[in-house]
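Q: The working numbering applies: residue 73 is where the sequence shown begins, and numbers increase by one.
Calculated directly from the structure, the hints in this document are not laboratory data.
Just so you know, even glycine gets a beta-carbon here, dropped at the ideal spot from N, CA and C.
Careful: at least some of the hints might be erroneous.
To be verified - Calculated cross-link-like contacts (lysine-lysine; reagent style DSBU-like; alpha-carbon spacing at most 35 Å):
{"id": "1", "residue 1": "K164", "residue 2": "K143"}
{"id": "2", "residue 1": "K142", "residue 2": "K98"}
{"id": "3", "residue 1": "K164", "residue 2": "K112"}
{"id": "4", "residue 1": "K143", "residue 2": "K112"}
{"id": "5", "residue 1": "K164", "residue 2": "K98"}
{"id": "6", "residue 1": "K98", "residue 2": "K112"}
{"id": "7", "residue 1": "K142", "residue 2": "K112"}
To be verified - Here are the in silico distance ranges between beta carbons for each label pair:
{"id": "8", "residue 1": "E90", "residue 2": "C123", "range": "19 to 27 Å"}
{"id": "9", "residue 1": "G116", "residue 2": "N161", "range": "41 to 49 Å"}
{"id": "10", "residue 1": "R78", "residue 2": "N118", "range": "24 to 32 Å"}
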Amino acid sequence: MVSLNRVFLIGNLTRDPEVRYIPSGKAVADLNLAINRRYKTSSGENREDTCFIGVVAWGRQAETAGEYLKKGSCIFVEGSLRYEQWESNGEKRSRLRVNADRIQFMDRPKRTEFADAPEGTQQNQSQSAAPPSENAANRPAESNPEVSEETDSDNLPF
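Using the sequences plus the hints, can you model the full thing?
A: Put into structure tokens, the structure is as follows:
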């Protein structure tokens, strides 16, 4: 019998990652992801649903998530579904979570100013942005990496 258990998700974290270490010393991070879906009803009304998904990451990936991600961060997760069962206070409980094989940070890193940097090395956004090349303005848009097509934000999943 053939089977496939593969998940690809893009969403925003609903809280900061919780990183802990199991007795063997391996890091485990619990992430909660919100994925928005916009659609139009048959009557023409715009609606939005949000799906909340639990994600678990292991090892160095868990440590990196705990270090760099925070509530609201947009991430891409590739992994597989895991069904977990346990008993708590005599009550059987279960949940479906994503076991992350890969997490990619989708947000651009924010530029920071270094207050302790020696004089003359402090950067701000206007100084650190590289000037466009002279040839970039003369190239057609399809081959110009500095010119991008606008995206329709209504099609984004968050």
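Q: Evaluate each hint against the coordinates.
A: Going down the list of hints, with the structure as the test:
Only pairs whose Cα atoms come within 35 Å are accepted, and K164 paired with K143 is accepted, the gap being roughly 30 Å. For the given pair, K142 sits about 21 Å from K98 by alpha-carbon distance, which is consistent with the 35 Å threshold. Distance check on the hinted pair: K164 and K112 sit about 38 Å apart at the alpha-carbon level, beyond 35 Å; violated. Of the pairs offered as hints, the one joining K143 and K112 holds, with about 28 Å between alpha carbons and a cut-off of 35 Å not exceeded.
In summary, the hint linking K164 to K98 is supported, as the alpha carbons are separated by about 27 Å, within the 35 Å threshold. About 45 Å separates the Cα atoms of K98 and K112, which puts this hinted pair outside 35 Å; it is violated. This hinted pair checks out: K142 and K112 have alpha carbons roughly 31 Å apart, not beyond 35 Å. Against the hinted window of 19 to 27 Å, the Cβ-Cβ separation of E90 and C123 comes to about 20 Å, which satisfies the hint.
Between G116 and N161 the C-beta distance comes to about 48 Å, which sits within the given range of 41 to 49 Å. Taking the beta carbon of each, R78 and N118 are about 31 Å apart, inside 24 to 32 Å as hinted.
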